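Chains as they are written, first to last, in the working numbering: chain A, 1 to 125; chain B, 126 to 327.
There could be a bad hint or two in this list.
To be verified - In silico DSSO-like links for lysine-lysine, alpha-carbon gap of 30 Å or less:
no.	chain 1	residue 1	chain 2	residue 2
1	B	K327	B	K285
2	A	K99	B	K145
3	A	K14	B	K261
4	A	K14	B	K251
5	B	K234	A	K48
6	A	K48	B	K145
7	B	K129	B	K276
8	B	K214	B	K127
9	A	K14	B	K234
10	A	K48	B	K231
11	A	K48	B	K288
12	B	K262	A	K48
13	B	K327	B	K214
14	B	K231	A	K99
15	B	K231	A	K14
16	A	K112	B	K262
17	B	K129	A	K112
Stated by the list, open to error - One side only, chain A facing chain B, incomplete, derived with CB under 10 Å:
no.	residue
18	V4
19	T18
20	F21
21	K48
22	E50
23	A53
24	P71
Hints were generated in silico from the structure; no laboratory data involved. Quick caveat: nothing in here was measured; it's all calculated off a predicted structure. We treat Cβ as the ideally placed atom computed from N, Cα and C, and that holds for glycine.
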Amino acid sequence: MRLVTHNLLQCHVKGCDTNNFPLELSEIECESQETDFNPQFLRTMVPKLEWDALVRTAMKLGITTLPDKVPDTPIQELDEKFLRNLHTVLFETHIQQGKMTCPNCQHVYPIKDGIPNMLLNDNEV
Amino acid sequence: MKLKELEGLLQDVAVFDEPKIHLEQYVTTPHLASRILFTAHSVYDDIENKIVADFGCGCGILRTASHQIFSDQDIDPDALRIASDNCSKFELSVDFLLTDLTLDPKWQKNDNIIDTIVMNPPFGTKNKGVDMIFLKKAVEVANNAVYSLHKTSTREHILKKAKEWGVDCEVLAELKFDIPNMYKFHRRKSVDIQVDFLRLAK
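Chain A on its own, in the form it takes in the complex (with noise of 0.2 Å):
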C-alpha cells in the first residue's frame, strides 16, 4: 500500500465517526518502488489530499521533505522540484508489513505483504 492510499482510509467501526482519521501507523515496513512520474496526475490529485495528515504520516516515516503547507500557487503552477517530491512520498513508498491504529477506538487494522485489511469484526459494523 502506498501512502496515496492511507491518505483516504478512515476507521470504519460502527460509530466510531469523529477523530478516526489518520489511522496512526506502527511497525512499519516499508520499501521504496519506482514508478513513472505524471505531473497532470499529480496535479489533480493535490486539491484531494488530506495535506496536514499527509505531512504528519510521512514525518512518522522519517520523512521530512514536504512542506507544512501546499505551496500557495495555482495547482497548474506548481514547479517540478516539489511535484517529484511529492510523486516519491505518493506513490513510490510502499507499506509492505505493518499496522494501522484508529486514533478513536484503538482497533488495529493490519497491513500484509502490502495488502492492508479493512474487514471488520460482525460486532463492529
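Using the hints, position chain B against chain A.
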C-alpha cells in the same frame, strides 16, 4: 496501444487457483476485459489521468488492462494475492484493499477521490441482490462514470434503479460471457450467458 495488442497482453494474466463459488468468482476473459477498457478509454476518455478503481477485482485483469493509479477492492485474500502478483508482473503500481463491499464500508475519508469504476461484479445468482449492492455503491463513489457487466435479464430493473439514483444508464453492448465448466455443480461443458456492458454516468 491497439485493441489486439491489449488482448494479447492480457493472456498472461494469472487467474484463480481455486475459484470460490459462494463469491461467484468467474474470470473476465482477456477478450472482454480488453474491449471494456478500450471503450472506456477511446470512446469516453474515462481512464487516462483518471483515478480508477475496481470493486470486486478478483485477480485484477481489468486493472491490468487499465494501467492506472488507484486501489482495487476484494473480499477474498487469495484473489488479491494473485492480483498483486499480476500487477508486479506487469510493473503496475496499484494498491489493493481487503474489504467487504456488501457491508457498505465507510473507509473513505473523502467521497470525491475516485473518478471511474470499472468492474465485473458478482451476477447475484448465488447471492441474490449482491449485483445491485455493488452497482449502487459504485454509482455513489465514482465522480465520472461506472462501467459494469450485468445479466441482460436484469436490464429493465437496472434502468429503473438508475433513474431512481439520478444517473444515466446506457447499454453499450450485449456480450456473451463464457462460463467454463469450473465448479462441481456445472453439468455442461461451458455455457454462454447473455450479459450487458453498461455505462452509468452522472
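Now for the hints, and whether the structure bears them out:
1. For the suggested pair K327/B and K285/B, the alpha carbons sit about 15 Å apart, so the restraint of at most 30 Å is met.
2. Using a Cα cut-off of 30 Å, the hinted pair K99/A and K145/B holds, with the two alpha carbons roughly 28 Å apart.
3. Proximity of K14/A to K261/B is assessed by CA-CA distance (about 21 Å); at most 30 Å being required, the pair is judged to hold.
4. Distance hint between K14/A and K251/B is fulfilled; the C-alpha atoms sit about 28 Å from each other, no more than 30 Å.
5. Distance check on the hinted pair: K234/B and K48/A sit about 10 Å apart at the alpha-carbon level, within 30 Å; holds.
6. For the hint linking K48/A to K145/B, the alpha-carbon distance of about 36 Å lies beyond 30 Å, and the restraint is violated.
7. Proximity of K129/B to K276/B is assessed by CA-CA distance (about 26 Å); at most 30 Å being required, the pair is judged to hold.
8. Among the hinted pairs, K214/B with K127/B is consistent with the structure: their alpha-carbon atoms are about 20 Å apart, no more than 30 Å.
9. Between K14/A and K234/B, the direct Cα distance comes to roughly 15 Å. Compliance with the 30 Å bound is thereby established for this hinted pair.
10. In summary, the hint linking K48/A to K231/B is supported, as the alpha carbons are separated by about 17 Å, within the 30 Å threshold.
11. The straight-line distance between the Cα atoms of K48/A and K288/B is roughly 29 Å, inside the 30 Å bound, and the hint therefore holds.
12. The straight-line distance between the Cα atoms of K262/B and K48/A is roughly 20 Å, inside the 30 Å bound, and the hint therefore holds.
13. At roughly 35 Å between alpha-carbon atoms, K327/B and K214/B are farther apart than 30 Å, so this suggested pair is violated.
14. Using a Cα cut-off of 30 Å, the hinted pair K231/B and K99/A holds, with the two alpha carbons roughly 19 Å apart.
15. For the suggested pair K231/B and K14/A, the alpha carbons sit about 9 Å apart, so the restraint of at most 30 Å is met.
16. In summary, the hint linking K112/A to K262/B is supported, as the alpha carbons are separated by about 26 Å, within the 30 Å threshold.
17. The hinted pair formed by K129/B and K112/A fails the criterion: a straight-line CA distance of about 36 Å is larger than 30 Å.
18. Given hint, V4/A at the interface with chain B, holds; its Cβ is 8 Å from that chain's nearest Cβ, closer than 10 Å.
19. Using the Cβ-Cβ criterion of 10 Å, the hint placing T18/A at the interface with chain B is not satisfied: the shortest such distance is roughly 13 Å.
20. For F21/A, the suggested interface contact is upheld, since its CB lies about 5 Å from the closest CB of chain B, less than 10 Å.
21. With a cut of 10 Å, the hint placing K48/A at the interface with chain B holds, because the nearest CB-to-CB distance is about 5 Å.
22. Nearest Cβ of chain B to the Cβ of E50/A: about 6 Å, under the 10 Å cut. The hint holds.
23. The closest approach between the C-beta of A53/A and any C-beta of chain B is roughly 8 Å, which is under the 10 Å cut-off, so the hint is satisfied.
24. Against a cut-off of 10 Å between C-beta atoms, the interface hint on P71/A is violated, since the closest Cβ of chain B lies about 21 Å away.
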